[in-house]
Amino acid sequence: MTVETETQVEDVERALARSQLYRVLATAFRHPDAGSAVALAELPPVLVGACGAWMPEPVREALSDLGVALRGVTLESLEEQYIGTFGHVTVPDCPLYETACGMGDAFLQPQTLADLAGFYRAFGLEMAGDARERADHLTVELEFMHYLAFREAHALEHHGEERTGIIRDAERRFLEVHLGRWAPVLARAVSARAEGALGAAARLLERLLAHEVERWGISPAPVVAEGTPLMIPPVDDNDPAEEHDDFTGRQP
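Residue numbers (the numbering used here): 1371 to 1622.
To be clear, the hints were calculated from the coordinates, so they are not data collected in a lab. There could be a bad hint or two in this list.
[Stated by the list, open to error] Each pair of labels, with its calculated beta carbon distance range: (1) A1562 - G1530: 40 to 50 Å; (2) T1377 - H1401: 18 to 28 Å; (3) A1411 - Q1481: 33 to 43 Å; (4) A1420 - R1585: 14 to 24 Å; (5) A1498 - R1543: 17 to 27 Å.
For glycine and all other residues, C-beta sits at the position ideal for the given N, C-alpha and C.
I would like the entire structure built from these sequences, with the hints used as guidance.
Okay, here's the thing in structure tokens:
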């Protein structure tokens, strides 16, 4: 086996590990249901080993901690943690939507949603008609990174450098302008607020994204300064922006 082939195999395995981590996190931050509860409860130790082999120590530790926190988890315990952290609606210090996180200019919200939709469409993806969340929900963005990393692995095996480069550029750019800007801020807020599996998932998210940012050599600008409220203020009833409800991208 040549050195080049060995390197390619390693790159494929690393991309698949990243894909799995993003998928686990997307499941962990989804509103709990029977399916996600089963998926998290059955998080196999082999996943910890397979993903950890390609991750730095802080990520391996956080993944192991999540595995421990998920032992014996039930739908009821997941729901209790989720509602206790996020409430029945998004709470000011833990917004699960990118456009609700430090984006004080209401006119930036539709631009952000349009840019996200453009990323998804570029890879043949659209929000399902029965989707419960908007395009800027944390779980949707994590699912997209899961998909891109999986596509990267497939391109490495079957399509060569040009196609792989396109996918990697998309991963880098998506982290730089979207997920890498706001998700670490949210992860720290959730980690400080939540215990159990949700708190462990938040710590894994923060450490994974720190590794990803370093790995891609990018410097995403945080959406808010340290210590400032995360949630955007409500639009004033007399604010002219209220006349443009169709374009604000706010949650129905």
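Tell me the numbers of any earlier hints that the structure contravenes, in ascending order. 2
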